[in-house]
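Let's have the full structure, built from the sequences with the hints guiding it.
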Amino acid sequence: NAGVTQTPKFRILKIGQSMTLQCTQDMNHNYMYWYRQDPGMGLKLIYYSVGAGITDKGEVPNGYNVSRSTTEDFPLRLELAAPSQTSVYFCASRSQFGNEQFFGPGTRLTVL
Amino acid sequence: TQLLEQSPQFLSIQEGENLTVYCNSSSVFSSLQWYRQEPGEGPVLLVTVVTGGEVKKLKRLTFQFGDARKDSSLHITAAQPGDTGLYLCAGESSNFNKFYFGSGTKLNVKP
Chain R
91 NAGVTQTPKF RILKIGQSMT LQCTQDMNHN YMYWYRQDPG MGLKLIYYSV
141 GAGITDKGEV PNGYNVSRST TEDFPLRLEL AAPSQTSVYF CASRSQFGNE
191 QFFGPGTRLT VL
Chain S
71 TQLLEQSPQF LSIQEGENLT VYCNSSSVFS SLQWYRQEPG EGPVLLVTVV
121 TGGEVKKLKR LTFQFGDARK DSSLHITAAQ PGDTGLYLCA GESSNFNKFY
171 FGSGTKLNVK P
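Residue numbers (our numbering), protein chains in the order written: chain R, 91 to 202; chain S, 71 to 181.
In case anyone wonders, no lab produced these hints; they're calculated from the structure.
Just so we're clear, the structure is a prediction, and the values are computed from it rather than from any experiment.
Be aware that one or more of the hints could be misleading.
As the list claims (entries may be wrong) - When the alpha-carbon atoms are kept at most 25 angstroms apart in a straight line, the in silico DSS-like pairs for lysine-lysine are as follows:
hint : chain 1 : residue 1 : chain 2 : residue 2
1    : R       : K134      : S       : K129
2    : S       : K126      : R       : K147
3    : S       : K180      : S       : K140
4    : R       : K99       : S       : K180
5    : S       : K176      : R       : K134
6    : R       : K134      : S       : K140
7    : R       : K147      : S       : K176
What the hints assert, rightly or not - Here are some chain S residues the structure puts well away from chain R; computed CB gaps all over 12 angstroms:
hint : residue
8    : Q76
9    : S82
10   : G86
11   : T118
12   : Q134
13   : T154
14   : S163
15   : N165
16   : P181
Cβ coordinates follow ideal geometry from the N, Cα and C atoms, glycine included.
Okay, structure coming up:
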């Protein structure tokens, strides 16, 4: 099992560009999450999903969009990148039968 | 505003010392989790506490959930350099769908 994989590992964007952060899990988990972590801080929930076809906003959803067409994939879309979106982005998943979240290795995004 | 407040923010101690990290909120949580995060990696779960007043031990680490399920503490006995890292608490919402993270405690244990 690969667990939770994220691509890319690093990305530099110019203001106004768009990109999609990919997240895939192979554990057949229903729940998936996107967080952002600013330097030296905790994690803020952007969006989450409780199953394929169902998504909901977290604490800081503005400027982001998500979709969940399959159980495995939960991509995060930035439409108009802004410097305030410079952060490390973590995807996580968990089973509906437990509360342990499994995190991916993160994507470090810089918007200049 | 942060739903979960962690203190202290930074802690630098000598090997062998004891320490306690606190995680406080005015909200009630279904469960409270503690994670440890190394630089450049995602957080890794240490423990989940579910019942008010619950105490769990993991080798030299002792975790406690407050009676009212609003706060938690992590106590490390005889800290080792390998304990160095960012410690994060996370509260599970009442509908069991999402988690709120604290701002983290950065621990440095010097040999």
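Do the hints match the structure? See the list:
1. R:K134 <-> S:K129: 30 angstroms, violated
2. S:K126 <-> R:K147: 32 angstroms, violated
3. S:K180 <-> S:K140: 32 angstroms, violated
4. R:K99 <-> S:K180: Violated - the C-alpha atoms of K180 of chain S and K99 of chain R are around 31 angstroms apart, more than 25 angstroms.
5. S:K176 <-> R:K134: Roughly 17 angstroms between the alpha carbons, so the hint for K176 of chain S and K134 of chain R holds.
6. R:K134 <-> S:K140: 19 angstroms, holds
7. R:K147 <-> S:K176: Since the Cα atoms of K147 of chain R and K176 of chain S sit roughly 28 angstroms apart, the hinted pair is violated (cutoff 25 angstroms).
8. Q76: 7 angstroms, violated
9. S82: Given a closest Cβ separation of 14 angstroms, the condition holds.
10. G86: 26 angstroms, holds
11. T118: 6 angstroms, violated
12. Q134: 18 angstroms, holds
13. T154: 15 angstroms, holds
14. S163: 10 angstroms, violated
15. N165: 10 angstroms, violated
16. P181: 23 angstroms, holds
Violated hints, in rising order: 1, 2, 3, 4, 7, 8, 11, 14, 15; the structure is consistent with all others.
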